[in-house]
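Enquirer: Here is how the chains run, residue by residue.
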Amino acid sequence: MAPSKKRHASDQTCVIPGGFTVLPLQFSADSAAQHDLYVKEHKVRAATGSHRPLDRTLFVLNVPPYCSQATVRELFSRFGGVQSVELRDHPGSFQESGPELTEFFKPAEKKGFKVGYVVFQSASSLAAAKSHPHDVPLVVCTEGRPVRTGVQKWIQQYAESFIQPEELQRMVDSFLEDYDKRKVEAEERQKKEAEQQEEDDEGWVKVTRGHNGAKARPHSEAANRRTLQKEIRKKKRKELINFYTWQHKNTQKEHIAELRKKFEEDKQRIALLRAQRKFRPY
Amino acid sequence: MKKKATVAEEPVEMAPSEEEEEEEDSEAPVKAKRSKPDEEVVYQPVKLSRSDLYRPPTAEELSQLKETESLFHCSLLKMQMEELLREVALSEHRRQQIDSFTQTVTELLQAVPDSPEVEVSDLSWLSGAVKIPFLLMPKVTKGKFHMAPPASVDLIGSYPLGTCTKPRIVVDLAVTIPADVLHPKDILNQRYPRKRALYLAGLAQYLASSSDIGAMRYSCLHGNRLRPVLLLTPPDSSSFTVRVHACPPPGFFKPSRFHPQRNNIRTEWYTGLQTSQSDSSEPPTPHYNSSVLGDLLPRAHLQFLSAVSSQCSAFAKGVALLKVWLRQRELDQGTGCFNGFLASMLLAYLLTTHRISNTMTAYQLLRNSLNFLASADLTVNGISLAKDPDSTAPPLAEFHSAFQVVFVDPSGHLNMCADMTACTYKQLQHEASVSMQFWDNPSVDGFHSLLMTPKPMIRTSDHVFQLCELVKLQSSCKKLNLLSELMDHSGNYVHAALPFILSLLQQGLGQRVHLLTHSLSPDPEWSVESEAPKHKAQPPLAFGLLLRQELAASVLERGPPADSPKAAEFRQLWGSRSELRRFQDSAITEAVLWDGESMCQKRLVPKQIVTHLLRLHADIPESCVRYVGAMVDDVIKTGSEVPSTGEEVSLLVVQAYDDLSRKLWKLEGLPLSITAVQGAHPALRYTQVFPPQPLKMDYSFFDKEKTSRSLVPKEGKPCPTYITPITMICHMEGSGKWPHDRLAIRHIRAAFHINLGELLKKQHNYTCRPCPTHLDVWKDGLAFRIQVAYHREPQVLRESVNAEGLLVVRDNEEAQALEMATIHKPLLTSTLHGLQQEHPCFGSVCRLVKRWLGAQLFSADITEDTADLLVASLFLQPAPFTSPGSPQVGFLRFLHLLSSFDWRNNPLIVNLNNQLTATDYTEIKNDFMASRESLPVMFIATPKDKKLSMWTKRAPSVQMLQRAVMVAAESLKILERQLMDGSQTQDVRVVMRPPLDAYDVLIHLNPKQVPLLGQAVDCPAVTFSRGVKTGSVAQSGGALPVIDYNPVTLYLAELREAFGDLALFSCDPYGGTVIAVLWKPKAFVSMPFKTSQVSARSVEVTGEEVNTVPNVEAILEDFQVMGKGLVKSVEARTEKWMV
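Heads up: the sequence lines are chains W and U, in that order. Residue 46 in full-length UniProt numbering sits at position 46 of the first sequence, and the numbers go up by one each step. Residue 747 in full-length UniProt numbering sits at position 747 of the second sequence, and the numbers go up by one each step.
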């Protein structure tokens, strides 16, 4: 419990080497033990999308499992208006591929400790959070803002897991509509690309076998391998086996080597059994 | 030429290892060696350097290599046997010890002083503490006795013959009583046996003063009280025992006096009553005769056997192997056993009759003798070693009329199997034929099953029962009118009554059993200073039943028609239980109807038969019969009115499932047709520990969800009863309409769930609840969870397009999980369902096993599917046993398998549906050896999964498997003791109570919120109402109940997700109210601060270095917070670990 060393200094911010500020957090006002949140301004070398602006985003480590996105937003709103909160299993870049999914179709989330990215409305809130004194813990569950855990939460989860068939059907329909649209788009794009390829800079047109997207080059790994194997087989067929004397000798040598290896293996097997006293009947 | 060279080379190869062993032998005691951890010895693929592999070969090496190549597979068994023989053979060092000790004893014995002549019944000359090793009943017999130095002292038996083996080395020493002590008439009325006992007592008295001899004890030969022996051990070690026999001088008695029809004990003397019977009408005393005659012949037998063995070089080794085989089957000791002497005689018989040749190896000797035992029936066609018996020798038929098993010695007068019961011989025969069956089976580890696996009765027989108070057999002797037998066995009522009880039981059990076996009462041993123990001091007699599955549980015993002459016999056997009954085929016959409604009661019909017959015919009250058939089954017993172990409910579930799948097939209006409906739940293969019961819900107990009228658990009330969703997979036809995209497939499946739900509601009025991942159907008071599957989905999940636009197929976890759920689990379920049809108690064994795994907190490590596979292997490869015929014996064998299997060096191959061939076996083994390190610790191969062991990929870990092995071994030990020892005070449930002191934190749960509380090992003190009504269950309709809501599993999942890298959480899934937490060994090591590894940790700053350690206080509080309402208390055993 090292931070306790620092705790005696009241009204002080606890900053550990590495630039993280330690924010204590406890579940309710009468909790005896505290977790520590480690916060720091979000910093990355390559500035990416706009959803994590560098000057306004707070990087939060060690968010306990009972803190939902809403709870974290509430917790940090004491430092100023919060624009968005993002909780993730691991620190890392934001990547959302594919179409938007409704909550029911998302894979189940892990319920462990999380990493948070809190985006404030103004940059000053970031500084406020970072200079939060160490001896004033953040409280998760207060009277005004109860957080459900345990049986209450599970019952709520169970009740919320119900979804009306009609609604579900609507979700499915809208997704599939979207999917079809995307598919058509992708096809068109491909067609366009193919058309573009047809005539190169100097006006040459590459002639390929077949037409309309039939490709001469294999387009999947399996097909790739098949072609390679075909080549190898072709080569092998042309090769002469046991034709020259040296080849014959080599095969014999290989055979003896094989036998030796097997003999050693058998010996070892028996030796192993003996070493383990596997022959003692009682 | 070449061959010789090889032979010459081999010893050179072997020599170093041999020397090593000898050294070990002499240095460390045996036990220390065994406890030495042999973990380091692991098979590793051989790596030979290039130069080693490719150096030019010599001629010898070439031939040697070729030989190994061609012989290895067939001769592996032979090599293993050679190794085994080395283990049991006596070392040179031991031989020297024995020789010097017998030398000392012989010299001491030669110097026994004379004593004055006294009456036999006068024991006053025996001063000191030494007692006579004989039950003097009746007290007095005529004759004079005095001590005199022995006429000769010789070594006899296995030691001089070279067939003596470890362990329990016994060296027989024959001391010839001088002729002047005896009288030719001494064979009458136990005079000779008493004199012999007196002579032994005299020897003991003399030897007691010598310091060269350690503790002396008496025993008797094969439990025969007429043949006491004196056991001597050297004072310093007890690694061997010298057994002193007292014998008459050779030829002292005329063998013809011991004809099996002759009487040598007079009724008048025995009963003490004056009778008017003449000599000729006295009953014959064959057992008494053979026990006296047996003393006369040991030297002749030794000569005979030495002559035979000198001609056959492998004789001693063959006998040693046979002895090991017999010992593993508990046939080599006790009254009426098939001991090493008989084994030698059997081999001698086979050699002299040229059934085996002198040049055969030990391997062939063993094989041929087992083959002979399996085929020859000595209870009907006895065999004789006598080449040309003299005219006085009785013919075989006379032997058969007096004894149950006949094997006559070279003299032609003695039946060497006099004490053996027919049941014991049948057992021997059964064992031999079972051994012959698996000997050549390439899929069985023949050596291991044949010679290395012990077969104690409790693990061999399906049902076992014990006769506890043997005194009661005295009254059975009276009831059965066995006075002459008692006389013949000199008052040993146990041995006198046993054959009659056995035949009674055999008759009563009839077709229900394959085999009836009984324990051989062990040779009693007692100190020379205490009186000979009474007959009743024997341990209880145990009987084993090997049940015939299809008939054993039938409640009806149909007898002959009422008017047939056999009816009287039937009535006589069954007494008042027999009644006239009219059957559907209009026959009126005698019949006995036993009680039994549920399967678990029916399984105990043999118990009813046994107790009824013993009470009726042998006067043995029910309280004396301790029936150990289904003692363990209690832990899976449910049901209130009719106790049941769940077979009936399982059947109900399967019927409901069949009905639902039929209805699914017939649904009209689906856009694609259904190609298969498969069950994927243990309940559908009869292996769910507590199969789901059809339920009726009490609506007032629940909250309602507004729109769908489904029930929702109410806060403040006890957790509602847990309803298991019974998973089934519904495969949809493949079609071009299926999209080729993972998300789109997921949505289409959801659409199918909705569609199926609507149709089921419309056409059959089932309450349904479609979800994106599944469809819940409420039917017959059971919840079914239907998952739609598309066979190409795993393939789609594996495909991805890489940066260059190339389509790559990569295996991933998601695809594997999907294949597991939609392909492998249903397949396993249907295969095991088939196995259940073949072996009716398969399901019950699985359920017992899983109950035990759950109770011992291994559910998370050895999963349900793994456990089912392990049990399946017991049924598919029972060697050296037969398939388990009762849940209990299956459970015991599972514990034995788990604890004794060499998981590290062997794959467990489960040959489901018999699909694997011999080549598959070698292939699996070779693959396993080649990549052992990367494979799961518990490797289970099945026909569909030869290389990966997918069921055990995730769990168990090395540590957990080790622990499971340890706990299984301990449980087996305790359970077998509990079952075989009636005096144990604890109940059998003790093996289901896990030791919790090994854990660091215990989270106690509030029983109110544990829905499966009623399934706990020990019945809970309080029960809660859980929203269930009694009454008949509606087939369809009704509100959807709360399905798959179990706070304990939800809590466990959250704990594991949050703290899984710090601790292990385990809990009995069947009503456990404690979650046991074990910190991982590396949990408390401080780590440098890293953004990816700060979960639940606090920092420690020393200068510029920042380290993190787990924030234990906060974690313990989190346990409370996360399980609010469920957790009663968190007990941190801080004395075990320091923060």
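In short, the hints are calculated from the structure, not lab data. Values in this document were obtained by computation on a predicted structure and should not be read as measured data. Careful: at least some of the hints might be erroneous.
Derived lysine to aspartate or glutamate pairs resembling EDC-like cross-links, with alpha carbons at most 20 Å apart [stated by the list, open to error]:
(1) Lys267/W to Asp703/U
(2) Lys925/U to Asp266/W
(3) Lys925/U to Glu264/W
(4) Lys78/U to Asp266/W
(5) Lys737/U to Asp266/W
(6) Lys43/W to Glu799/U
(7) Lys153/W to Asp703/U
(8) Lys262/W to Glu733/U
Enquirer: Next, verify each hint and record whether it holds.
Expert: Evaluation of the provided hints:
A hinted pair counts as satisfied when its Cα atoms are at most 20 Å apart, and Lys267/W with Asp703/U does not qualify at roughly 71 Å. Only pairs whose Cα atoms come within 20 Å are accepted, and Lys925/U paired with Asp266/W is accepted, the gap being roughly 13 Å. Only pairs whose Cα atoms come within 20 Å are accepted, and Lys925/U paired with Glu264/W is accepted, the gap being roughly 17 Å. Annotation: proposed proximity of Lys78/U to Asp266/W holds, straight-line Cα distance about 14 Å (limit 20 Å).
Only pairs whose Cα atoms come within 20 Å are accepted, and Lys737/U paired with Asp266/W is rejected, the gap being roughly 56 Å. Our distance criterion of 20 Å between C-alpha atoms is broken by Lys43/W and Glu799/U, whose separation comes to about 35 Å. Annotation: proposed proximity of Lys153/W to Asp703/U holds, straight-line Cα distance about 15 Å (limit 20 Å). For the hint linking Lys262/W to Glu733/U, the alpha-carbon distance of about 50 Å lies beyond 20 Å, and the restraint is violated.
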